[in-house]
Amino acid sequence: MAWELMTEKWSGEVSTVTIGATKEEGGTRSHTLKIGGEKSLPCLFQEGNIPHEPKVAFEIWDIAPLDWPAELMLPYAETLRDPLEWANKCVRDYKAQGLCIRLQGAHPDFGDKSPEEEAKLIRKLLKEVSVPLIILGCGDDAKDNLLLPACSEAAKGERCLIGCAVQDNYKTIATSLLADGHNIIAESPIDINIAKQLNILISDMGLPLERIVMNPTIGALGYGLEYAYSIMERSRLAALSGDKTVASPFICFVAQESWRAKEAKNENSPEQGVIWEALTATALIQAGADLLIMRHPKAIQKVNQYIANLFGGK
Amino acid sequence: MGLSGLDIYKLLPKTNCRECGFATCLAFAMQLAKKAVEIDKCPHLSPEVKSKLEAQALPPIKLVTIGSGDTRLEIGNESVMFRHEEKFYRPAGLGFIIEDSLADSEIKTRVEKINTLKFERVGQLLEVNLVAIRQNKDAQRFRDTVKLVSANTALGLVLMSDDLTALKGGLDILKGRNPLIYHATKNNLSEVAQLAKDFKSPLCVQAQSLEEVSGLTQILANQGVNDLVIETGKKPISEKIWDLTQSRRLALKKSNRSLGYPSLVVVQQDDPYAEVQEAASYISKYAGIVLIRGVEAWQALSLLTLRQNIYTDPQKPLQIEPKLYPIGQVNAKSPVLITTNFSLSYYTVLSEVEASKIPTYIVSVDTEGMSVLTAWAAEKFTPAKITESINKFGVKEAVTHKRLVIPGYVAVMSGELQDESGFEIIVGPKEAAGIPSFLKSFK
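Heads up: the protein sequence lines correspond to chains A and B, in order.
Each residue of the first sequence is one higher than the one before, counting from 14 in my numbering.
Each residue of the second sequence is one higher than the one before, counting from 35 in my numbering.
Cross-link-like lysine to aspartate or glutamate pairs, in silico, EDC-like; alpha carbons within 16 Å at most:
hint : chain 1 : residue 1 : chain 2 : residue 2
1    : B       : 464       : A       : 80
2    : A       : 257       : A       : 26
3    : B       : 121       : A       : 246
4    : B       : 464       : A       : 122
5    : B       : 288       : A       : 17
6    : A       : 311       : B       : 305
Just so you know, the hints here were simulated from the structure itself, not pulled from any lab data.
Same shape as in the complex, but just chain B:
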């Protein structure tokens, strides 16, 4: 059970000795409940109470690593049910299932395509994470496929097989790559657990219901197999969301350790659009790993973009450094466009400026990551603020003309900005899409 500050207080000496640095035991207990302070600060705890409190201090959802090196995927360690409560920390891994029944050439083509699924959006590189190899043939074919795939990608790998010989063969090849073993069920639990132990690999545990999953993970934990990912079997999307919600909730709110692991989902829909929609549902609702089959760029881009949105820190919008950005071969006559330092604003303007092929300066004003209209309403994007930025970033030194282009939505500040900055103010388009034609007619 999760302990509240008061629950913890009952376990403390209640002497208010202040040796922990807090005025009272109650104050210390409150900080412990928030995990803001170490238990060791209190020197008067019995070993029994201490171990109880230490268990409480462990993250409710275990951090699990799959793969190795730069491409490794880390999932788990989440702390909230809703992103507005804090944030979602570790973006769900997106992986692709490859059947070993495909011809080698087809497998190679797919893996190469998966390797190219990288996109840059608002200053972040969006990447896919895993390739899952699924056994349909004999152990030898599986082993050969693992060899082929692993030789052609640096991504983390998932071995999908119920055949112990095949799994062992795959694991032998993948020493040092830390693949995820998929999966242990009640039928093969001890054998697969032994493999996970021998190869020190993370393991996916599957059962049809969460209750059964919980039973299996407890057995495994007792055997010292802790790097687990959990999965409930094939079921309709809404039931899957129920399972994902329940396991997150029980782990966070009831400190149910047996479900305190990241979840994996295998998408069932065949239609390429429906497949993306199903995967998107799980990315939104708590999945740690989502495996799909489609490898089209439009599928991956839309899912990675959604993942980026959901996992953005709601308290800290994506920002860029406020400064003067020269785009292309600028000179002293290049136009100067003003925008905010909200990543989405800046990169939207940037991509249109690049599309126009006209060398241009972009001034990114420090609006604390707010967009144009929000910042304007919050008085973070004012004539005074803009003037301060222009002076600080050396716009007067960079160009010989005295003209600034401001976003169409803040046309209302033109007069005041003109007086304040001493520049002539030109009102640009409201939407970034209008920038190329605007720049072309701009003399």
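Next comes chain A alone, as it looks inside the complex:
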């Protein structure tokens, strides 16, 4: 038998989503983040183009986090009290390519900040730093329906990525984001059918599939990582086979999950928290993650190096 490799020929591709708008594009960002566009499975450069490497954005909060482990607070220290200083530290000291602000303080249980107050913060933040922005609500559906439209308007034209929209709560958010020129995060509970349906519902409202990023709700290493891993593989295979309704890039909230793990909070081994976050990200990159939301500067540095390695070796 003649020697022959076996290469897959894919007919589909993941849609490309651009986060951030530069001056020429009507915004004020210094650069944009392009994610998605894969015509092949992770790392298999020989079978199809993988135009954009996965990106990491630093997660910051509008209030000082209450329950972060010491190892995670250490690098940010005093800046945790002031979101603008915190954002600055990420960009200036740690060279963040993108920021993801979680408006936790708007949650009724965590300060109940008003939408106006949060919108003002978003305006300030956009002035303070010039990297592309991801904006997350507080997770309370009713509040997010007031909060996210206000923030969307405050960031009009900056082509942010905003979410999360869920199956029971997407209309208000999608309407605002459509009007203000942003991208949307569609969250589904580790379920490929719900992910698909939500993408269809959102695109039916006029927000094109090219402006949707999927959140498959991941579990951390050791805490259900494998569920999201397989859902992502399945949905990526479907996308590459031509199903456009699941062909959105993936956003993975890596830090949020991994720092909840008992292993990450091991005070006798500071490396363990860092590796827990870095390895959760690493495994998800192998499953097709496009945008990773992370916290610990060291874990982020390691993951960025890993990505550079994968893409330098193509």
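Given chain A, put chain B in place with the hints provided.
Showing chain B alone in chain A's frame:
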């Protein structure tokens, strides 16, 4: 080439004689293609067709054993490219390279550290598998190092050397331990193959490309050397993943026997974090053996946890026996916590209860291995189900109080559960991390 049901059908007598127990030859062929039935069931096959079908029935990736006794590592026999298609069967072996140029005391310290790398997670014991000894000095030093290492660990061993005298010396010492010989290349193929034959040891075959590897394994197979592990040389991570993917794919989809062996990878990164990340990439993508250098507990724990995740059966989540679990010195007044029989839920609750040092009963309800919220959504964790479990497990006999603590996420079922069970329902914390403080204030 892999034969489809129809391919097999063409080779059968097509008489529909039913002697195989199936109504038609086609039905029998379909079962053969799925490897669900033995070829011998058909008494009318020519020897030629039979041998062709028998070859087809062999597992596409050979099962290879390294080491002996309880710590032996079995790899290979995989059947799918993606875990959701079925499952990944044989967890990749994790091994550690020790250089023979290190001082004896340092070698001993390392081996002792490797021996302690055992962790219990969600009811499973996670263990490392191999120690690989790499030659840097003369054959005598290698032999002495093999002796030292083997005397200090029961783990499977890998002999990493291109020096025949050194390999032979090591193999002499390791009789009965079934070590992996690393490695045969085109330069030493027949000599190393002879050693593998003489000592009946598994052998790692290395070449830079898969095509060359395939050529070497065919030569070896013709000589009767079949217990093989394959490796392509040093290359960037993504190229390595390409090789791992290709060899698995060609073996499974094209029945390419010459690549139908488990793969070994030596991790190249030096930085301790990058080393773990590189190893994790190969554990996710088809490696049979991953060799690293770092022996820190945090490195091993994170890799073994990833391996546990990747090799969990997607159709059958890790479950524990549904029953009433007394934790600590319980008495009739101890609190009763309700959770599911999904291992992760139960063990997460368990570790927090243990941390609280407060004796507590945990009721693990049979949710078919689903987690709290999933089970609740799927109606496997309902007031009726919980009540049934409480009655069956004798909670009323175990405690004199009438209070149950349910997970915070299912607070909504409180009223109905109270009516159904006759117990007072107390809503516990949403996250297990809140259990110790909850139990401390629980009177």
